[in-house]
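S.K.: If you want the building blocks of each chain, they are given just below.
There are 2 protein chains.
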Amino acid sequence: MSADQPKRRTAAGRTAARTSVPAARARKRPRAKQAAANLTRIEILKSAAGAFRRLGFHGATVEEIAAVLGMKKGNLYYYFKTKEEILFACHQYSLDRLLEVLEKVEQDDRPPDQKLRQLIVAFVHTILDDLHGTALFLDLEALTASHLRQAIARRDEFDRGVRRVIQQGVDWGTFAPHVDPKLVSFALLGAVNWIPRWYNPSGPSSSQEIADHFAAYLVNGLR
Amino acid sequence: MSADQPKRRTAAGRTAARTSVPAARARKRPRAKQAAANLTRIEILKSAAGAFRRLGFHGATVEEIAAVLGMKKGNLYYYFKTKEEILFACHQYSLDRLLEVLEKVEQDDRPPDQKLRQLIVAFVHTILDDLHGTALFLDLEALTASHLRQAIARRDEFDRGVRRVIQQGVDWGTFAPHVDPKLVSFALLGAVNWIPRWYNPSGPSSSQEIADHFAAYLVNGLR
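These protein sequence lines map, in sequence, to chains A and B. If you're matching positions, the first sequence starts at 874 in this note's numbering and goes up one per residue. If you're matching positions, the second sequence starts at 874 in this note's numbering and goes up one per residue.
Same shape as in the complex, but just chain A (with noise of 0.2 Å):
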């Protein structure tokens, strides 16, 4: 991987991008109802994940998805023609909101230190509260080959985007000189999309103390 400038989309693009198909449909649809059917459809991306998490992606079916929202399958294909384009569009939420902290951060004047710190407690809370702990990262598998190609460009900008900010750090002489960015991001990023492996929402450690402990730790190993 090319640690090179990326191609920059803003996050407005990629929302845009994102709901293009249900954007066709919207055009026939007064606005309170297309808020209200985008309400629905995070709400049945939030169900598909805690169903993803429980069951794995080939264990959890449709119908359990829609039961656990009270809906009818039928009307869950309305959102959503196959259990993949739910997969799908899970990536694409929350990597969304990855590319947005992003954004946010870059055009911050903080120290590289800090930045990090705010992507790395953004990246755990958007892997633990947006999407339930799942382990989305590990369901790459299932996605199809357009789909996977989509989600892998966006997360490479976002670890690209990780690599920069330490980079920064080294040129700035926040962190050592002998740190290598792209190790050390594959080994930040490589902890943090663990954390679905052995996540218990019903343990002792809240998202918060996950997010600040990693946090504390990944940043501190480059001083």
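Careful, some of the hints might be misleading.
The list that follows gives simulated cross-link-like pairs (lysine-lysine, DSSO-like), each with its CA atoms no further than 30 Å apart [unchecked claim]:
#1 A/Lys919 x B/Lys956
#2 A/Lys919 x A/Lys956
#3 A/Lys956 x B/Lys956
Here are some of the chain B residues that sit facing chain A, going by a computed Cβ distance under 8 Å [stated by the list, open to error]:
#4 Tyr966
#5 Glu1014
#6 Val1057
#7 Gly1063
#8 Asn1066
#9 Leu1091
#10 Asn1093
Listed next, with one range per pair, are the computed distances between beta-carbon atoms [claimed, not checked]:
#11 A/Lys946 x B/Leu912: 50 to 56 Å
#12 B/Gly1076 x A/Ala1018: 19 to 25 Å
#13 B/Ala910 x A/Glu937: 24 to 30 Å
#14 B/Leu912 x A/Arg1022: 19 to 25 Å
#15 A/Glu1014 x B/Gly1076: 40 to 46 Å
#16 A/Leu942 x B/Glu936: 40 to 46 Å
#17 B/Gly947 x A/Pro1050: 56 to 62 Å
#18 B/Val941 x A/Glu973: 41 to 47 Å
#19 A/Asn948 x B/Glu936: 44 to 50 Å
#20 A/Ser1019 x B/Pro1074: 24 to 30 Å
If you're looking for bench data, these hints aren't it; they were derived computationally from the structure. Glycine included, each C-beta is placed from N, C-alpha and C at the ideal position.
Model the placement of chain B on the given structure of chain A, informed by the hints.
M.R.: Same frame as chain A, now just chain B:
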């Protein structure tokens, strides 16, 4: 997961347990033939690990694993009856290596930061060199229920060992007093477990460079 002391087994005891089925067959064979059979067994595991990395557990076929070794599928069945049995043997093989290192490290009287460093380096080498960067820890769901229980129990044994070493570092004052050994061990093991997701055998970093960089970063964060 509790941090209490597990029932400890010796490396010799583990190896005996691991090889119980082949050992039963071995009684009928002279020692030289048995040594050759063990070597073949390990060659099969390494070939299988490479195929699992390239094609995934579900994508790799027993035919391909045999073909790489210049074996017939039927000969391979002499050693392993199913592909799942090969996967389980890969797990056992790498867990044997890890638990041997843990035993050696814990008997040693080095300071805790050096012990932790040794454990991380050994863990990286086990994933990258012994099993060619195979996502062993990601293929757990392909194991039978009984094999999954055994693999998880032994992985937990290693995880608890890592946690004990971190706790010792906190007790000795080598590591910062606010360090939570449980959360930190999750972060640290996650960083290493994630390596197969990005590792490229023809990439620029050798396994030694990755091991050294990860160990330096992940130990330094605890000070």
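S.K.: List, from low to high, the hint numbers that the structure doesn't satisfy.
M.R.: Hints 1, 4, 13, 14, 15 are the ones this structure does not satisfy, whereas the remaining hints hold.
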